[in-house]
Amino acid sequence: MGWSVAYWLKCLETRKGALQVAVIEKDPTYSKASTVLSVGGIRQQFSLPENVQMSLYSAFFLRTINEHLGVVNEPPIDIQFNPLGYLFLASEDGAAILEENVHVQRDQGAKVSLLSPTQLKKKYPWLNTDGVAVASYGLENEGWFDPWALLHAFKRKAISMGVYSCHGEVTSFTTSSTELLTPERELTLSRINYVHVQMPNSLENQPVECSLVVNAAGCWSGKLAEMAGVGIGSPNTQDEIKLPVEPRKRYVYVWHCPDGPGLACPTVIDTTGTYFRREGIGGNYLGGLSPTEEEEPDIQDLKVDHSFFQEKIWPKLAHRVPVFESLKVRSAWAGYYDYNTFDQNAVLGSHPLVENMFFITGFSGHGLQHSPAAGRAMAELILEGKFKTICMEKFSFNRFITGEPALERNII
Amino acid sequence: ASSWAAVRVCMGRPQPRGRRSATERLPVHKPAPPPASEPLRQRFLRYLCSRFYDIESLVDWSAKLHFKNLRRKNAFQGQERWFRAERHGTFNSDFLQFRDVPVEAIDLAGSVVNYHGLDNLVKLTALKSLDLSRCPNVDEWALSRLHVFAETLEELSLAGCPQVTERGLACLQQLENLRRLDLSHLPAVPCQGLLRILVEEMLPGCEVVGLDSGAQTSQEEEVPA
Chain R
1 MGWSVAYWLK CLETRKGALQ VAVIEKDPTY SKASTVLSVG GIRQQFSLPE NVQMSLYSAF
61 FLRTINEHLG VVNEPPIDIQ FNPLGYLFLA SEDGAAILEE NVHVQRDQGA KVSLLSPTQL
121 KKKYPWLNTD GVAVASYGLE NEGWFDPWAL LHAFKRKAIS MGVYSCHGEV TSFTTSSTEL
181 LTPERELTLS RINYVHVQMP NSLENQPVEC SLVVNAAGCW SGKLAEMAGV GIGSPNTQDE
241 IKLPVEPRKR YVYVWHCPDG PGLACPTVID TTGTYFRREG IGGNYLGGLS PTEEEEPDIQ
301 DLKVDHSFFQ EKIWPKLAHR VPVFESLKVR SAWAGYYDYN TFDQNAVLGS HPLVENMFFI
361 TGFSGHGLQH SPAAGRAMAE LILEGKFKTI CMEKFSFNRF ITGEPALERN II
Chain V
413 ASSWAAVRVC MGRPQPRGRR SATERLPVHK PAPPPASEPL RQRFLRYLCS RFYDIESLVD
473 WSAKLHFKNL RRKNAFQGQE RWFRAERHGT FNSDFLQFRD VPVEAIDLAG SVVNYHGLDN
533 LVKLTALKSL DLSRCPNVDE WALSRLHVFA ETLEELSLAG CPQVTERGLA CLQQLENLRR
593 LDLSHLPAVP CQGLLRILVE EMLPGCEVVG LDSGAQTSQE EEVPA
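So the protein sequences, as listed, match chains R and V. Residue 163 in my numbering sits at position 163 of the first sequence; the count goes up by one each step and never skips. If you count the second sequence from 1, you need to add 412 to reach my numbering.
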């Protein structure tokens, strides 16, 4: 996300060299980064028009990626796109919502088809349609791709355009504040003047003077916001409203099943929330499930809990796809979601009190697929003062103050 | 530049106004006649080639011209004739009498059509046969758009497309009525033998041509049109 914003800032700047952009990267190996640990899906099937538009723009961007991110004298980018859509299955209870969502998606120009259980059975004979009332399948611009290729392409292009890459960790901010008297009470507006960056393996602490800070720290952005004084003010005022983004651990399992659904296996989202898709052509599949609030795993490390697959995922998989009864787990990994506990949607825009901190975080699992569109929106907001391509006012920080969640309507 | 060219190629195609029931038979495909290969002529050419530099490019050029005239054509329902642009990109005026007849077959072999160029074909709801062989810009994204012909398309050729990979082939599952799929000479597809099995499994009613494990050795096989 950070590299996407950096690329778009350089791309949309009015005069060459008008902006100096530095991307501060805590871990340039990306060993814990959500981007490279995601499964790399892109879908249009959201219920908020803004999200559908972001996906459509991102699909356009990925399709013409070499026109955007190609660098002279470097090999062209191949993001290994697999054009197989998402198949959402809805039970009797979720059918109406699914159909409504499909109408929203079609209004925005997405190509989504609705399938009855009979059609579903004909098209995907390996699928057990018990308890499925209706299904939706994205015909175009959906699939999965290589997250690392996209991240690397953004980084390479941004650096070639003059963005500074900085390896270090932000430890604190130096802010200056002004008091503002309103009829009701006193407001404290603050501004970040310096970002203190701790160099790796050294005690050196470098202050970086900046005019504005983009908080794209993913799951750790809540912590970073707190450093700048977001959400640590006196209670019952606007100062106490935190950035509600926290890390959540999600497991992805890879299993082998030679008699599995085969080449045409799309990303299937079951009525229970379990998802799986084909991985390569060697009979491997990957999938996972979001745990419930009560059974959220500990986020200290990225260890995988294999019993979660055995107890929670496998029974559901085997019910939906009977051939998966004889699967064999090959490997598994875990990654962090930048989980927005308020409404599981992005936070895009500046903070009302810390004037020059911009958030681009909280995507709760669809950050990678929205990164080209969201990065552009952020750059427009910074350079032009408003959104131009896609209006994302709905995702501003203000919704935490007014208490109006921008919720996705889930079909489960 | 490629998308512009693709649009130009496609804009020349008449769009049907009305529809008629698609019962008539398919237009007969005439494969490209192989270049004349009389021994005498070959020997003569070889003789010339060894002495003059330009002969090779001249031969290339005439072959290209031949193929150029062959492609860019389409056929209407119930017609055996192919219509194609004449020398200067204009169409013979007698195709105007087929204004209300749906287009049934399109031969875009060797053209630069890409994802955006397919926009021009989307309205052809009776299309039964589409030849995209040797199209350098047909990739996964373009293949994923073929679902618009899912109801009607029976014949598809992707032979010799350098950008078609196993990832793109997976989305052909949407084409339920496909009877014949030509996948010969796909250089970007790995494990061709395995993939052939997977494609046949995915499209049970479809005859798959090409994609043999021994395909690499039988290069002489002529690409069917």
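Each hint should be verified, as a subset may be incorrect.
Chain V is faced by these chain R residues, among others (derived, beta-carbon under 8 Å) [said to hold, decoys possible]:
id, residue
1, Asn82
2, Leu84
3, Leu139
4, Glu140
5, Gly260
6, Gly403
7, Leu407
Which chain V residues stay away from chain R? Per the calculated CB distances, all over 12 Å, these [what the hints assert, rightly or not]:
id, residue
8, Arg453
9, Asp551
10, Val621
For each label pair, taking beta carbons as the anchor points, the in silico distance ranges come out as [claimed, not checked]:
id, chain 1, residue 1, chain 2, residue 2, range
11, V, Leu606, R, Cys391, 45 to 53 Å
12, V, Pro599, R, Pro258, 26 to 34 Å
13, V, Lys535, R, Pro117, 30 to 38 Å
14, V, Ala562, R, Pro315, 29 to 37 Å
15, R, Thr118, V, Asp624, 52 to 60 Å
16, V, Pro599, R, Gly70, 17 to 25 Å
17, R, Pro405, V, Lys535, 21 to 29 Å
18, V, Arg592, R, Thr292, 15 to 23 Å
19, V, Pro599, R, Cys166, 54 to 62 Å
20, V, Arg592, R, Ala22, 50 to 58 Å
Read the hints as simulated data drawn from the structure, not as lab findings. All C-beta atoms, glycine included, are put in the ideal place defined by N, C-alpha and C.
Structure-based check of all given hints:
The criterion of a C-beta within 8 Å of any C-beta in chain V is met by R:Asn82, whose closest approach is roughly 4 Å, and the hint holds. Because the beta carbon of R:Leu84 sits about 5 Å from the nearest beta carbon in chain V, less than 8 Å, this interface hint is met. With a cut of 8 Å, the hint placing R:Leu139 at the interface with chain V holds, because the nearest CB-to-CB distance is about 5 Å. A least Cβ separation of about 6 Å between R:Glu140 and chain V falls short of the 8 Å threshold, and the interface hint therefore holds.
This hint is violated: R:Gly260 has a C-beta 11 Å from the nearest C-beta of chain V, more than the 8 Å allowed. Annotation: R:Gly403 was flagged as interfacial toward chain V, and the flag is violated, the nearest CB pair being 41 Å apart, outside 8 Å. Annotation: interface hint on R:Leu407 violated; nearest CB of chain V at approximately 30 Å, more than 8 Å. Every CB of chain R is more than 12 Å from the CB of V:Arg453 (nearest about 41 Å), matching its label as outside the interface.
Listed as a non-interface residue, V:Asp551 fails to keep its Cβ farther than 12 Å from every Cβ of chain R; the least gap is roughly 8 Å. In this structure V:Val621 is separated from chain R by more than 12 Å, as the shortest Cβ-Cβ distance comes to about 17 Å. Between V:Leu606 and R:Cys391, the C-beta spacing of about 47 Å keeps the proposed range 45 to 53 Å intact. For V:Pro599 paired with R:Pro258, a C-beta distance near 27 Å keeps the hint of 26 to 34 Å intact.
Taking the beta carbon of each, V:Lys535 and R:Pro117 are about 31 Å apart, inside 30 to 38 Å as hinted. Range check, V:Ala562 to R:Pro315: about 34 Å between beta-carbon atoms, so the 29 to 37 Å window is met. Remark: the range hint 52 to 60 Å for R:Thr118 to V:Asp624 is contradicted by a beta-carbon distance near 36 Å. Look at V:Pro599 against R:Gly70: about 22 Å separates their beta carbons, and that is inside 17 to 25 Å.
Between R:Pro405 and V:Lys535, the C-beta spacing of about 42 Å breaks the proposed range 21 to 29 Å. Take V:Arg592 and R:Thr292: their Cβ atoms lie about 50 Å apart, and the range 15 to 23 Å is violated. Under the hint 54 to 62 Å, the C-beta atoms of V:Pro599 and R:Cys166, about 42 Å apart, miss the expected range. Between V:Arg592 and R:Ala22, the C-beta spacing of about 57 Å keeps the proposed range 50 to 58 Å intact.
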